[in-house]
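Residue numbers (this note's numbering), protein chains in the order written: chain A, 1 to 759; chain B, 1001 to 1154.
Hints were generated in silico from the structure; no laboratory data involved.
Keep in mind that the hints are not guaranteed to be accurate.
Within a straight-line C-alpha distance of at most 25 Å, the following computed DSS-like cross-link-like pairs (lysine-lysine) qualify [to be verified]: (1) A/K641 to B/K1071; (2) B/K1071 to B/K1089; (3) B/K1147 to B/K1115; (4) B/K1089 to A/K658; (5) B/K1116 to A/K658; (6) A/K641 to B/K1089; (7) A/K658 to B/K1115; (8) A/K658 to A/K586; (9) B/K1147 to B/K1126; (10) B/K1116 to B/K1071.
Label pairs and their calculated CB-CB ranges [what the hints assert, rightly or not]: (11) A/Q291 to B/T1121: 52 to 58 Å; (12) A/P654 to B/T1121: 26 to 32 Å; (13) B/A1068 to A/A214: 26 to 32 Å; (14) B/K1116 to A/G268: 36 to 42 Å; (15) A/F252 to B/P1063: 19 to 25 Å; (16) B/K1070 to A/Q198: 41 to 47 Å; (17) A/A214 to B/K1070: 27 to 33 Å; (18) B/K1070 to A/G740: 56 to 62 Å; (19) A/E702 to B/M1153: 21 to 27 Å; (20) B/A1123 to A/Q199: 43 to 49 Å; (21) B/M1153 to A/I98: 48 to 54 Å.
We put the beta carbon where it would ideally sit given N, CA and C, even for glycine.
These are the residues of each chain, in order.
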Amino acid sequence: MPETATPPSGLSRRHFLAGTGAMFVALTLPRLLEPKSAFGAIESGKIGPPTVNATLLDSWLAIGGDGLVTVHTGKVELGTGVLTTTMQLAADELDVAIANIRVIEGDTWVTPDQSYTAGSQSNKVQYGLTGGLRQAAAEARLALLNMASAQLGVPADQLTVTDGVVSGGGQKVSYAQLIGNRTFDLAITGKAVPKTFQQYKVVGTSVPRVEVPAKALGEFEYVQYVKVPGMVHARVVRPPTLDSKLVKVIGFPHHRKPAGLVAVVAKGSFVAVVAEQEYQAIQAAEALQLQWNTAPLPSFDNLYNDLRTLSPTTDRVLIDTKDVDGALANAATKVEATYYHPIQMHGSMGTSCAVASVEGQTATVWSGTQGVYQLRGAIATALGFPTPNVHVVYTEGSGCYGLNGADNVSLDAAVISQQVGKPVRLQYSRADEHKWENFGQPYVHSMHGGLDANGNVSVWDFVAYTASRGGRPGPPANLPTGVMMGFTESPLAASPPPTPTQKPNTVDNSNSGPSYVIPSQRLVSHSGPHAFMAGPLRSPNRIQNTWANESFMDELAHAAGADAVAFRLKHLADQRLIDVINLSAKMAKWETRPSASKIGGGRYKTGRGMAAMVYEGDNGYNSAVFQVTVDTQTGKVVVDKVWTAQDCGPVLNPDGMKAQAEGCLMQTISRALIEEVKWKTDGITSVDWETYPVIRFNAMPETFEFQAINRPDVTVMGAGEVLITNGPAAIANAIFDATGVRLRQLPMTPARVLAALKA
Amino acid sequence: MAKLVINVDGSRHAVKAAGDTPLLYVLQDELGLTGPRFGCGLSQCGACTVQVNGKAIRSCVTPVVGVAGKKISTLQGQGTAEKPSALQKAFIDHQAAQCGYCTNGMIMAADAFLKKTPNPTEAEIKKAMNPWLCRCGTHYRIVAAIKDAAKAMS
Ligand code: FES
Ligand code: FES
């Protein structure tokens, strides 16, 4: 057809071709990773190395004959700016311009296994002194300087490097001349000393994110746009509930084969249809008739009672000073409270998508996963292949904020491709995404505490009840599809021996412990089995625990008749946490007085509240002050102003860090005020943006002030999950200040606020 | 049946898919365009927004047969790396994308809005953009970018 032979205006030829044929598969792998040589015995060129050896310099970077530096990273861009901070690091360590750096992200044939891109660990790991890219790049620089020294006859310590050109003794030689297109063949020795943050010139500046122009121009190649020749389209057809069983595939109405149908795939209770075109697959999926044996879900209304009575549970004693019962009995003032946190979802804007091509005994999967290696294991198990036969190539999708549907859809696509013997593209419907992701965990926190005669917190007794099921891959049954296919689920973890490993007054990596110095402490958690799949959702467990801890600390401050900021400060020893609290209070012009001591008259009441914590005990400090207005007639809460200060060590990219805080702000308001997954016994009812609404432009706080304390002399900490962690408690504390009424259940919807005001 | 032909960013394309196929799938799968994208298929999020005769519409619920003979424009037709539109430039300058999945809808909606309302207040921008969802929380930058683009365009 002549009409399709010309690219539409504004489209480059590259994109036009990309749209009609194979996309961007990196077939020109560096020679050192040529699969055959790396995995000698295997004939097929489609089988990759079992691992990419992270102790070899060549596994981390390569320098081309054109002087371009290609960095291999296991920490991928999820829309958070990690790609750019990774390039900043390479630019500084190697003295190469950012424009001359390329990055291969998350590819099981190319990049070292750096585990998941998650948990605010990416920059912490890459910028760590050992084990990450910083060390590898320093080793490369040292090796290059030694080569240059030999070639130029100038001692290495008299050489300087500018934009990949080494100079000394009036002579010059470029990196490309020294090693272009060849391998280093060196192990990482640990001898090279990375530069300090004070020496960095690119790190610490607001380098614009490298992929934003493509995103704004509509040229960015999301996983949703990957196309391979011969590709067909699939759609999954899910059971009513996770444990429902497929009785039989009835077929299509009137035995009429839908247009374009390629196949119906059923494996256990996993069902999918495949068609030539995407919309044909959608229509066929809607038409397909199935008979299910429906396993009812537990009652929605009973969720929190169920959490407290689940059995068996994994029980953990995190801290026990063994004197808590006595201390509670002796406290001058006792406070107790129970907090409730619902199930929430990632709710990615784009539904998850993957393209998989299974040929014989090998598979290639383009996936938006946070962990290519872990996903590779799950897919290999599901397909019955040895792990190296599966090649997972990270391709950015919609923002995920944790374990959204990206891994599950990749597993689905691989299984379907194996069944139909063709490359398969699968993108979920909105309901597939909403109902079948691994949700954030629900929690009940039962808290008891006491004040001594001086109004200091003398005892803190924390019991958390939660439930979980599945999680990140490895095992296929950690994902919904694996369960539907009948893979064995991991058993409930055994309770560790009740000897607490945490010392009193330390925060564990799930923020169970409060950040405060309290003499008597007991922290216990119970985690039971769940009817829903669960998995990490931005600030997993940390936001729930902080919601309880920082609400409870506020209740103790109120019981002591103390100002919320001053009360926290007098229980703190960690100077960095003290500093961010003081800074946020200063930014907010915090008025020192007990909360709820200045409740205004009239329908609209305004108040301020704060929360602070150190993330995971060692991974970022944040303090936030929220000002809210409560409409006492409707119960509607509006967040008016927010001031926040944080300390995540050296600031790598000031604007990037601020962008993460802005995202945290919008999401934390959304989760505090709006979000709750709902269901009936015959299925989840939060199926789209109307039944699971999220924050919009109309709820943006009118003021958001952000400051970071830059500490170039300490290690890098995560900046992507700190502010979000403080939001729910800070908002509840502000509502209390405004109204004198304490909200203890999330989300703080108008109905709940109104009920609390009337109680 | 006569072949369905659509006019996208100034070029004509014969459509292979059936006429009731939503425009989005034709743009994405047949034309290989990487602007509009699937977010919900329910007219709830705006990720699939394109303009038809200058009006922002949701291509996920618009049958392709209904837009034959009309002028369809997409994000890639707005500008290029060398010559980005005022909105594209402002989105880049303000780094108004995290994952960027919503960016297509934001720019296409803002473009249609600014044509009608050349000098909007911040409140007007927020109100106009309220039906478009962003899950990453890029709202501040999107509003700032639209404000700047409005200035540049006026
Ligand atoms: S994809 Fe069209 S409105 Fe969501
Ligand atoms: S930038 Fe990710 S949804 Fe808006």
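Here's how the hints hold up against the structure:
1. A/K641 to B/K1071: 43 Å, violated
2. B/K1071 to B/K1089: The hint holds at about 24 Å.
3. B/K1147 to B/K1115: Roughly 13 Å between the alpha carbons, so the hint for B/K1147 and B/K1115 holds.
4. B/K1089 to A/K658: Measuring from Cα to Cα gives roughly 20 Å; hence the hint holds.
5. B/K1116 to A/K658: Roughly 32 Å separates the two Cα atoms, so the pair is violated.
6. A/K641 to B/K1089: Violated, at roughly 29 Å.
7. A/K658 to B/K1115: 31 Å, violated
8. A/K658 to A/K586: 19 Å, holds
9. B/K1147 to B/K1126: Holds, because 11 Å separates the two Cα atoms, which is no more than 25 Å.
10. B/K1116 to B/K1071: 18 Å, holds
11. A/Q291 to B/T1121: 52 to 58 Å: 57 Å, holds
12. A/P654 to B/T1121: 26 to 32 Å: 29 Å, holds
13. B/A1068 to A/A214: 26 to 32 Å: 30 Å, holds
14. B/K1116 to A/G268: 36 to 42 Å: 53 Å, violated
15. A/F252 to B/P1063: 19 to 25 Å: 22 Å, holds
16. B/K1070 to A/Q198: 41 to 47 Å: With Cβ atoms ~59 Å apart, the hint is violated.
17. A/A214 to B/K1070: 27 to 33 Å: The hint (27 to 33 Å, Cβ to Cβ) holds, given that A/A214 and B/K1070 are roughly 28 Å apart.
18. B/K1070 to A/G740: 56 to 62 Å: Once the Cβ atoms are compared, 58 Å apart, the range 56 to 62 Å for A/G740 and B/K1070 holds.
19. A/E702 to B/M1153: 21 to 27 Å: The hinted range 21 to 27 Å holds for A/E702 and B/M1153, with Cβ atoms some 25 Å apart.
20. B/A1123 to A/Q199: 43 to 49 Å: 47 Å, holds
21. B/M1153 to A/I98: 48 to 54 Å: 31 Å, violated
The structure shown violates the earlier hints numbered 1, 5, 6, 7, 14, 16 and 21.
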